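> Here are the chains, one letter per residue:
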Amino acid sequence: MITSQPDAHGHFGPYGGRYVPEVLMNPLEELEQAYLLARQDPAFQIELDDLLKNYAGRPTPLYFAKRLSANLGGAKIYIKREDLLHTGAHKINNCLGQVLLARRMGKKRIIAETGAGQHGVATATVCALFGLQCRVYMGEEDMRRQRLNVFRMRLLGAEVVAVNTGSRTLKDAISEAMRDWVTNVGDTYYLLGSALGSHPYPLMVRDFHSCMGIEAREQILKATGRLPDSIFACVGGGSNAIGIFHAFIGDATVKLIGIEAGGHGPELGEHAARMSGSKPGVLQGAYSYLLQDEDGQVALTHSISAGLDYAMIGPEHAWLADRGRAEYTSCLDKDALDAACMLSRTEGLIPALESSHAVAEAIRRAPDAKDQIFLVNLSGRGDKDIDIYRENLKDLDEPDTN
Amino acid sequence: MNQTRISKRFQQLREEGNPGLIAYLTAGDPSMERTPDLVLALERGGADIIELGVPFSDPIADGPVIQRGSARALKNGTNVAKVLEMAKRIREKSEIPLLLFSYMNPLLSYGFERLAVDAVAAGIDGCLMTDLSVEEAEPYVGSLRKAGLDTVFLAAPTSPPARLELVARYSSGFVYLVSRTGVTGEQDQLSDAVAPLVANTRKFTDLPLAVGFGIATARDAAAIGAIADAVVVGSAIVRLIENNSDSPELEQKLEALARELKQGALSAKKQ
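Taken in sequence, the protein lines are chains A and B.
Residue 1 is where the first sequence starts when you use the numbering used here, and the numbers rise one by one after that.
Residue 1001 is where the second sequence starts when you use the numbering used here, and the numbers rise one by one after that.
Read the hints as simulated data drawn from the structure, not as lab findings.
None of these values were measured; they are calculated from a predicted model.
Just so you know, not all the hints are guaranteed correct.
Unchecked claim - Distance windows between CB atoms, simulated:
#1 Q1187(B) - D338(A): 47 to 55 Å
#2 G1142(B) - D50(A): 23 to 31 Å
#3 L268(A) - N1243(B): 30 to 38 Å
#4 G348(A) - E1138(B): 54 to 62 Å
#5 E1138(B) - G250(A): 29 to 37 Å
#6 A8(A) - D1188(B): 40 to 48 Å
#7 P42(A) - R1219(B): 52 to 60 Å
#8 E1138(B) - D41(A): 29 to 37 Å
#9 L155(A) - N1243(B): 38 to 46 Å
#10 Q33(A) - R1219(B): 38 to 46 Å
Unchecked claim - Negatives, chain B to chain A, calculated, CB over 10 Å:
#11 E1085
#12 R1091
#13 E1165
#14 L1240
#15 A1256
For every residue, glycine included, the Cβ atom is placed at its ideal position computed from N, Cα and C.
Throw the hints in and build the complete structure from the sequences for me.
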């Protein structure tokens, strides 16, 4: 049976590891030790499970998208409803786990990066819940396109710091968060929000999100009596994808399909489709597939969805791809928008633009997949993206005529 | 193995009983044409070793001054091959030790085996990658070492004894001690962490110990010169380059800064 676990130094095959300045090496070792102890501690798991259930709203439902499936005339599409989770996306799973860990480690100050703002909101939420100081780094470009989430973070008591270097998006927010951590490493916990960065983050973030796949596996067996044929999840860093994939990695018949941001198209700088021809490199603590120019400088990326707009894919995904256990494809901005419209109108579900990428690929494949079962991870809801939807769907936004 | 220019320079400094000055500048800032002259100016002022910065788009260990310097150098089209060309031009006029100072990805992209050959041919003496931990180093630095290049690693105030021992074991030429937690950049006061870090690292190695991060003035250099084998200055140099990039007096000013720093270091010889 295929399994996927990192080695003792956090390598998934050749990927992952720890590529950081020496200042952070011992703190990462301490974090790893603290996490491995917490993972073995029933009291930690009981407290986390209680919060996931009674605060965040787990388990989330698995919903059969009957009208969408009927419209496409092929596969039966089931939707894992992470959009119903508190704060509106899967990100809260990881934040609850890590904030409990930060508390165990005696850290009083939490820092985080955010792209779409969902991880920032989830971090601000758990910091409010535990009375911890919270600072979130966010690229200026992302602050502009996710204004609602900026305000939510501030309402929750977090300080949002605008990052105006580089492309002013997620990558630059991570760099600033790492610089803060390097400087304040004694009292500060870096609550990284995706399955990225140095060991133990990719492992830890995956574990805290693996509840999605564990629940979905039971739910789909109960609903249909069998495993799904294909699972679809969008991949920025890859936290929701690895979270739903992981329980199915040993099920060889289940196709795992990750969808990256195809942006405007295949030219370098116009997308964030790392698995369509990039080579591995080192960025922000890890070795994995990285969009870069011929001099090894990190390429700019583009996606309509801030949460997928990042130059590196998480290391476990790189390894799953190399071994052929998961496949990675991409979806253009416009196709993600079309998919969002279709899901909204057939099922009454307005998806986050990130999740729309996964929906789009399921929609594309469904007509040719008669008698198959598809599972789509709806990792977040679309409220945060309403401004972007309005900008791109102008015909729906005419001023009132009467 | 033959001694590199770095080891020879430290041996000479040791014989004289003098602390050294290591000067960082980002290659290609303010222009690729001027970098060799700036290196020569630093040498005239008394710099013993030059760290030649190869710019990277995402320099997580650097503060705003060196971030801006890297951005300017990248805008000028600086890459590994061009930095090696600059090194060759420096070698036409000087035997000052040259250490490539960068992040992993530009060098990884160039290829370490190719780099080992080309760097030696260009007159480079060693390499330091700020985001390469000793745990990950083996597959990459083997070819550099085989080619006779020094591989310098960082030790930090957060490194416990076991890590100091590892860092010292992996380093050749010298060990670079980071004076404080944080990114590169000048600061008002030197960290209390320096003296214990020097003493603790000394337990594991006879290699020269250089201290950097936050050292900007002759007074700082004096404090470090009293306890370590060399002082590393980066942001203060890059800031001076930034503020005088159009000035014909840039070389003179750099030389004067290096002289001031070197005099500072010398003023407090090791007790």
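> Compare the structure with each hint and give your call.
Hint check:
Checked against the given bound of 47 to 55 Å, the beta carbons of Q1187(B) and D338(A), roughly 53 Å apart, stay inside it. In this structure the supplied range 23 to 31 Å is violated for G1142(B) paired with D50(A), their Cβ-Cβ distance being about 50 Å. Taken as a hint, the range 30 to 38 Å holds for the pair L268(A) and N1243(B), whose Cβ atoms sit roughly 35 Å apart. At roughly 55 Å, the beta carbons of G348(A) and E1138(B) sit within the given window of 54 to 62 Å.
Checking the proposed 29 to 37 Å range against E1138(B) and G250(A) shows it holds: the Cβ atoms sit about 32 Å from each other. At about 42 Å, the CB distance of A8(A) to D1188(B) agrees with the hint of 40 to 48 Å. In this structure the hint that P42(A) and R1219(B) lie 52 to 60 Å apart at CB holds, the actual value being about 56 Å. Checking the proposed 29 to 37 Å range against E1138(B) and D41(A) shows it holds: the Cβ atoms sit about 34 Å from each other.
Take L155(A) and N1243(B): their Cβ atoms lie about 42 Å apart, and the range 38 to 46 Å holds. The beta-carbon spacing between Q33(A) and R1219(B), approximately 40 Å, falls within the hinted interval of 38 to 46 Å. Every beta carbon of chain A lies more than 10 Å from that of E1085(B), the smallest distance being close to 14 Å; the non-interface claim holds. For R1091(B), the requirement that its beta carbon stay farther than 10 Å from each beta carbon of chain A is met, with the minimum near 23 Å.
Non-interface call for E1165(B) relative to chain A: holds, since the shortest CB-CB distance, roughly 13 Å, exceeds 10 Å. Non-interface status of L1240(B) relative to chain A is upheld: no Cβ of that chain comes within 10 Å, the nearest being about 22 Å off. Here A1256(B) stays apart from chain A, with its beta-carbon at least about 31 Å from theirs, past the 10 Å limit.
Hint compliance for this structure: hint 2 alone is broken.
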